[in-house]
Amino acid sequence: MPNKVIGRSIWVFHLNSGSCNGCDIETLDVLTPYHDAERFGVKLVVSPRHADVVLFTGPITIESLPKVIRALKAMPRPRYIVALGSCAIGGNIWHASYSVVGGVPKLLEILKDEGVNVDGVFYVPGCPIRPESIIYAIALIKGIAKKKVKMKVKKAEP
Amino acid sequence: MSFSDIVERIKGVRGVTEVVTSRSALFITATADALKPLAMEIYQIMGGFFRTCIGSDERSINNCFAIYYIFGLDDRGLNIVVKVYADSKKPELPSISDIVPASDWCEMEARDLFGIEFTGRASYRLILPHGWPNGVHPLRKDYSYDSRPVTRAVSERLTLVDTISTVPIGPYHPALHEPEYFELYIEGERVIDVKYRGFHVHRGIEKLGESKLTYQQVNFIAERICGICGFEHSTCYAQVVESAAGIEVPERAKFIRSIVLEIERIHSHLLWVGVVAHLLGYDAGFMHTWRIREHVMTLAELLTGSRKMYGLNLIGGVRRDIDLSKKEKILEVLDTISKEYIELASLMVSIPQVRMRLKGSGVLYKEDARKLSVVGPVARASGLRRDVRKDLPYAAYRYASFNVPVYDDGDNFSRLMVRLDEIKESISIVKQLLDQMPPGPIKVEEFIVPEGVVAISAVEAPRGEDVHFIITGHGRPFRWRVRAPTYQNIPALKHMLKDQPLADAPLTIASIDPCFSCTDRVLVIDSSGSKRTLKLGWGLG
Amino acid sequence: MKKNPLSLLTIASSKGRVTKRYPFEEPLMTSEFRGKIEIDESKCIGCGACVNACPPNALELLSSSGTKTLRYFIGRCIYCWRCIDVCPVGAIKGTREFELATDDVSDLYELLIHEEAKCSVCNSPYATVRIVRYVATRSPSTEGYVSMDPKCRQEKFVKAIEMRFGGLSA
Amino acid sequence: MTYGPVLVSIGLASVLTLPTLLDGVERKLKAAIQSRIGPPIHQTLLDLTKLFRKELVLPRESMHTLYMAFTYLSLSIVAISSSIASIALGSIELFTASVILLSIIQAIHIAMPFTTYNPFSIVGASRELVLAVINESALLITVGLAILVNPLMSPPSSWRSTYFLLLLELLIVSYIASGRTPYDIAEAEPEIASGWLIEFSGPLLGVIIYTNLLRKAMVKLIVGIVLAGLTTGYGSMGLLLSLIAMTLLWVAYTVASTIVGRSRVDVAPKTMIFIHTTFITLLIVTHVLGV
Chain H
194 MPNKVIGRSI
204 WVFHLNSGSC
214 NGCDIETLDV
224 LTPYHDAERF
234 GVKLVVSPRH
244 ADVVLFTGPI
254 TIESLPKVIR
264 ALKAMPRPRY
274 IVALGSCAIG
284 GNIWHASYSV
294 VGGVPKLLEI
304 LKDEGVNVDG
314 VFYVPGCPIR
324 PESIIYAIAL
334 IKGIAKKKVK
344 MKVKKAEP
Chain Z
484 MSFSDIVERI
494 KGVRGVTEVV
504 TSRSALFITA
514 TADALKPLAM
524 EIYQIMGGFF
534 RTCIGSDERS
544 INNCFAIYYI
554 FGLDDRGLNI
564 VVKVYADSKK
574 PELPSISDIV
584 PASDWCEMEA
594 RDLFGIEFTG
604 RASYRLILPH
614 GWPNGVHPLR
624 KDYSYDSRPV
634 TRAVSERLTL
644 VDTISTVPIG
654 PYHPALHEPE
664 YFELYIEGER
674 VIDVKYRGFH
684 VHRGIEKLGE
694 SKLTYQQVNF
704 IAERICGICG
714 FEHSTCYAQV
724 VESAAGIEVP
734 ERAKFIRSIV
744 LEIERIHSHL
754 LWVGVVAHLL
764 GYDAGFMHTW
774 RIREHVMTLA
784 ELLTGSRKMY
794 GLNLIGGVRR
804 DIDLSKKEKI
814 LEVLDTISKE
824 YIELASLMVS
834 IPQVRMRLKG
844 SGVLYKEDAR
854 KLSVVGPVAR
864 ASGLRRDVRK
874 DLPYAAYRYA
884 SFNVPVYDDG
894 DNFSRLMVRL
904 DEIKESISIV
914 KQLLDQMPPG
924 PIKVEEFIVP
934 EGVVAISAVE
944 APRGEDVHFI
954 ITGHGRPFRW
964 RVRAPTYQNI
974 PALKHMLKDQ
984 PLADAPLTIA
994 SIDPCFSCTD
1004 RVLVIDSSGS
1014 KRTLKLGWGL
1024 G
Chain B
-9 MKKNPLSLLT
1 IASSKGRVTK
11 RYPFEEPLMT
21 SEFRGKIEID
31 ESKCIGCGAC
41 VNACPPNALE
51 LLSSSGTKTL
61 RYFIGRCIYC
71 WRCIDVCPVG
81 AIKGTREFEL
91 ATDDVSDLYE
101 LLIHEEAKCS
111 VCNSPYATVR
121 IVRYVATRSP
131 STEGYVSMDP
141 KCRQEKFVKA
151 IEMRFGGLSA
Chain R
9 MTYGPVLVSI
19 GLASVLTLPT
29 LLDGVERKLK
39 AAIQSRIGPP
49 IHQTLLDLTK
59 LFRKELVLPR
69 ESMHTLYMAF
79 TYLSLSIVAI
89 SSSIASIALG
99 SIELFTASVI
109 LLSIIQAIHI
119 AMPFTTYNPF
129 SIVGASRELV
139 LAVINESALL
149 ITVGLAILVN
159 PLMSPPSSWR
169 STYFLLLLEL
179 LIVSYIASGR
189 TPYDIAEAEP
199 EIASGWLIEF
209 SGPLLGVIIY
219 TNLLRKAMVK
229 LIVGIVLAGL
239 TTGYGSMGLL
249 LSLIAMTLLW
259 VAYTVASTIV
269 GRSRVDVAPK
279 TMIFIHTTFI
289 TLLIVTHVLG
299 V
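Residue numbers (this note's numbering), protein chains in the order written: chain H, 194 to 351; chain Z, 484 to 1024; chain B, -9 to 160; chain R, 9 to 299.
None of these hints come from the bench; they were simulated from the model.
Incorrect hints may have been included.
Unchecked claim - Once the Cα atoms are required to be at most 30 Å apart in a straight line, the calculated DSBU-like pairs of lysine-lysine come out as:
{"#": "1", "chain 1": "B", "residue 1": "-8", "chain 2": "R", "residue 2": "278"}
{"#": "2", "chain 1": "R", "residue 1": "278", "chain 2": "B", "residue 2": "146"}
{"#": "3", "chain 1": "B", "residue 1": "26", "chain 2": "H", "residue 2": "339"}
{"#": "4", "chain 1": "Z", "residue 1": "809", "chain 2": "Z", "residue 2": "854"}
All chains should be built: construct the whole structure from the sequences, respecting the hints.
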């Protein structure tokens, strides 16, 4: 999974697409002394034009959807999406609510229709995500950690 | 004015059909015509504050829509709830926003979510996404929580305007960290007007609470209203249901709630101080406050199991106890942070640029603050002594003695000082409560929530007063309304930003410590027992 | 209390570098942390108590031909551990696992497939084999009720009442 | 004079690569003051290489921007090489030319964002313009005075207050020109997002960031050159010394910028005008009095 282009310098545009702030403050926390993501070359940028990765926190509300698409279109390729936290991945408690899209997997379908290409997606579960989870995801992208989760199918023997 | 005087005066208003009193609340039913005179009486003459108003679809019960207006007489710890019915076919009520400017937003919210029109004012869309069809009101009971009339909303004219006289701040902007949109109209470098378009984070929380989740599950969604002050919301929700159902929460649970609430306040204020340092270009200040804050986060995890989203509250009590080793750890962490943060805080306010830019910028005068019923540190920095912990004590706050810091200048510096002082007070509150914590159980397992009871509860969140309103229903709330502190404070920004340099705008916006996700969430109240059963006149039972 | 801006350097040097070198070092985590849940396939009876308690529907019970699947979607879990509180057989336990990042969302699903019991009368599936056995072992004299689906159970019950009052013979 | 071209190329090579590393040092140092580890020293280099591997998304009026960016780059290199050469050759004309070039680069740098029509860009650039006009005029006056006093050609036989004042003023000018707090208003102030940089992307952003680093290096190099002239005269020793001075200044400026906050856009020009006029007046007075 290590990424050749952005593995050594990851510029991140943080996009709150309807999050409760929990993941956002933890994302900010990753940059602070105890976690210090900058040691892996991570930098928070303020314009999608500079970004390699867009961080989604939140289930993607309908109101934020057009702006999300705009921001993604503004990014130069290769562009990556990181879905942070259980809202951005599975839509959390509001996955079925009237005013949200319900997570990045659903956003990807919309992006496909809009003709916006994305070069890769990473999913980082947590609610809110803890800073180490983000660091672990960075380590995955850099190739210094191994993926641990795998779909499990178990059978309950009757 | 004595309590009976207040009751008499209210009874004297034409159109008041019913007044019911309880220990700390007055419940009034009135006709639409009585609304304006009542607002005048309570807001202007008695000097009450406006908490919020709540729309409710009660067509299944009494074939009407209803609006509940909540006023508060803080100095006597009294809530006044005014209920007015609106016709089910053509719901229309007179607006009180000319008398109570603070009611501007909640009227528009009721219009968006219930389709209740307000006469005598300009109407605009506040909450629902751009492109949402007219006439579709998601909080009406005949609307299903999962139907989505729009899935590809179109963008409003937004950002990248060709003229330099408009500077858009947001919806994705480094100074905000949250998607909200301010359009600043500037002349040179001076802001002449502000337009706000928020509610990007409207997730339909209230609807889910009313139509999908159970009473206990709502605790967890309430916590997720806000990632910074989530515990305040879940405490407030738990309290409102406990009050409606008459559940006696064990004392120990109340102490644990108060302790965790104060720990959350410390983390939230430190977070804010850091963000302000960052906005002022003093990044070292940001890094060091967050370094200190990290101890608080780890402590929170030790006490509750998670750094944020504590998942600690249930209706009837809390899920985890504070044992002796945890108590020692709390004291240890408090000692560390109180030493380190005082050192850092005094350093920060000595930085010439920090001082210069905070003093005199973003001023909110006391009269405006009162008119808009602002809450929390914003109110306290403008000379209003409002603090729910004192005015309507809940949880275990009656066992602690503490000061409410009040500053009179109303500028950004005062708001900084209020928060810095509050951290000190919070540390002392936690220490006092730890000393007095009684032994015993931490939760009530069995309880029944009766249907059709109205309750209100308020909690002092780091950003100000947090109000939850509930009408109980079968297995879940019939109506649940959350009034977050930022909801009350954002309209004040217009006053603070106007005629100020553009350069101060992000700072001033940040100075109210906006929490947009709270505000955008989309209900009798009171922790100390002002509840009443709606079996008779209130017609919900 | 005014301070010299340079005293920042004193603060910095007295603290040194506080950074935890995770992933090369232990994370900053306490023993109390709530992480992902683990469902013990040998204990789970597929009763759905956790599904009813789960606020975000991260746990779902899906029916398909002859099986009932308990699906755990880590990507929607809020780590509240309410499922652990309510599980009647203690089949769910909490872990401190947080290293869950992946590039494929399907990695975040865990499925536990239960076999469905068929009604002894109409042969339609109605509950997992495990829960039927669980109930049967706890109340030994079920008079055959437990092996029926709710509809047949109701019919049998009505007939039994009628018989008791001298109605039609079964 | 025979090894002039060799010296120039060595000097040029180091000035072209050093800034990226010095930026890394700056980030590391800042991190240390903030109690954390910080990025590896060569992180800026990694950032730039990555930017060059990314897609180029051009803003409106793109050819214009592109053209300007490359003029900016080539001019910077010319300016740097001429200032390097000025030490090696002991040429005051080249030195003057490089300072004037620096001002021209600054002008292009300010003009570029206007081609993007992005409001943040434009607000950022107009602010930069205000600050630059004041600071660059101070720079030109100071350098003009420096040539008049002429510490470049003949090292002073005795240390006079004029030289001290001259150096002090040059230090201030170069600190402000290096775009650090409290005067990083155009770039870092949050209300204008990342200011004039906001619309650039990929390789174009890489070019701009790199050239900006060169400019930062050059404003320090100028101080270094004057300083080297004051103490040792010129030649290989002078070149080495000015590079060392540049590095040390970079470190000192980094530390200085971490302990202050950012000034405000309406206050900054006033403060700058006050500081500059005071110093320049003092300079003229001491020079006339011959103290």
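Pair hint outcome, residue 809 (chain Z) versus residue 854 (chain Z) [Cα-Cα no greater than 30 Å]: violated (44 Å)
Pairwise hint evaluation, residue 339 (chain H) against residue 26 (chain B), where the allowed Cα distance is 30 Å at most: Roughly 18 Å separates the two Cα atoms, so the pair holds.
Distance restraint between residue 278 (chain R) and residue 146 (chain B), which requires alpha-carbon spacing of 30 Å or less: The given pair, whose Cα atoms are some 94 Å apart, is violated under the 30 Å limit.
Holds or violated: residue -8 (chain B) to residue 278 (chain R), with C-alpha atoms at most 30 Å apart: Cα-Cα ~25 Å, so holds.
Going through the hint list in order, the structure does not satisfy hints 2, 4.
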